[in-house]
Amino acid sequence: MAPSLTEKCRELAASVMKDGISQAALEVLKQHGYEGLTMDRVAEVAGVAKGSIYHYFRNKQELVTHVFEQIIEPAIQAGEEIVQKASPALQKLEAMVRMWLEYFSQHRSLFDFLFRDPAVRELCFTSQRAKHGLAIERFRAIVQQGMEEGVFRSMDPVVVAEMIIGALQFVIERQLETGESRPIDETVQRLLDVFVHGIGRSEAQAATG
3 MAPSLTEKCR ELAASVMKDG ISQAALEVLK QHGYEGLTMD RVAEVAGVAK GSIYHYFRNK
63 QELVTHVFEQ IIEPAIQAGE EIVQKASPAL QKLEAMVRMW LEYFSQHRSL FDFLFRDPAV
123 RELCFTSQRA KHGLAIERFR AIVQQGMEEG VFRSMDPVVV AEMIIGALQF VIERQLETGE
183 SRPIDETVQR LLDVFVHGIG RSEAQAATG
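Heads up: the sequence shown is residues 3 to 211, going by my numbering.
Keep in mind that the hints are not guaranteed to be accurate.
[What the hints assert, rightly or not] Calculated pairs, SDA-like style, for lysine to any residue (alpha carbon to alpha carbon, straight line, at most 20 Å):
| id | residue 1 | residue 2 |
| --- | --- | --- |
| 1 | K87 | K52 |
| 2 | K52 | A16 |
| 3 | K133 | I73 |
[What the hints assert, rightly or not] Derived DEER-like restraints, expressed as beta-carbon distance ranges:
| id | residue 1 | residue 2 | range |
| --- | --- | --- | --- |
| 4 | E29 | A88 | 37 to 43 Å |
| 5 | S107 | G168 | 48 to 54 Å |
| 6 | S54 | K32 | 17 to 23 Å |
| 7 | E29 | E188 | 20 to 26 Å |
| 8 | E164 | F115 | 27 to 33 Å |
| 9 | A88 | E64 | 35 to 41 Å |
Derived by calculation from the structure, the hints in this document are not laboratory data.
Just so it is clear, the structure is predicted and the values come from calculations on it, not from any experiment.
From the three backbone atoms N, C-alpha and C, an ideal C-beta is built for every residue, glycine too.
Could you put the whole structure together from the sequences, leaning on the hints where they help?
This is the structure in structure tokens:
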């Protein structure tokens, strides 16, 4: 049975409330850090009763996790759109790599903030790990398509997907650790060159020294 109009309205109201609470939590995090994140402060910023928050989040760990998931949700949706496009696998691979790096760059200050606090960073990593299966499946689909198109050689597409994701995540996390910002276009091309051509020299390159 399809949900009634009343149920849909209730779900929409709950979604709006959760989003409002998470935005308030983010503001409290920016001002007071994770240790200073209390439900009392969140309730004050959100303009709701403290008890209302517990209706949606059992503790501040759940609240921080929701904040992080809300931040990365647009990237998850963008990834699905890329996979579903009627495009060659190489174009999809480049689009996916570029999307990851551009999204990180566009929200760099927010990611810098979230990953600065060890407790918040671990919660974000835990949430991120929970979504590894989805990321692997999307890259696997692209790699499998490339094999069928004849542009990628036959390999285990899941293993290849895991390697690509591992490389991307390290490039992003390394920038967070060092504070550097790498040029997106250059980074995309370098990663694609390694992903598609590997690190071995071709016979022509070896012959020319």
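Hint by hint, here is what the structure shows:
1. Pair hint K87 plus K52 does not hold up; C-alpha atoms about 44 Å apart against a cutoff of 20 Å.
2. Proposed proximity of K52 and A16 is supported: the alpha carbons are some 15 Å apart, at most 20 Å.
3. Between K133 and I73 the alpha-carbon distance is near 14 Å, which keeps this suggested pair within the 20 Å criterion.
4. Between E29 and A88 the beta carbon distance is about 42 Å. The supplied range of 37 to 43 Å therefore holds.
5. Between S107 and G168 the Cβ separation comes to about 20 Å, which falls outside the hinted range of 48 to 54 Å.
6. In this structure the hint that S54 and K32 lie 17 to 23 Å apart at CB holds, the actual value being about 22 Å.
7. Between E29 and E188 the beta carbons are some 35 Å apart, a value that contradicts the proposed interval 20 to 26 Å.
8. Take E164 and F115: their Cβ atoms lie about 29 Å apart, and the range 27 to 33 Å holds.
9. A88 and E64 have their C-beta atoms about 39 Å apart, which keeps the hinted 35 to 41 Å range intact.
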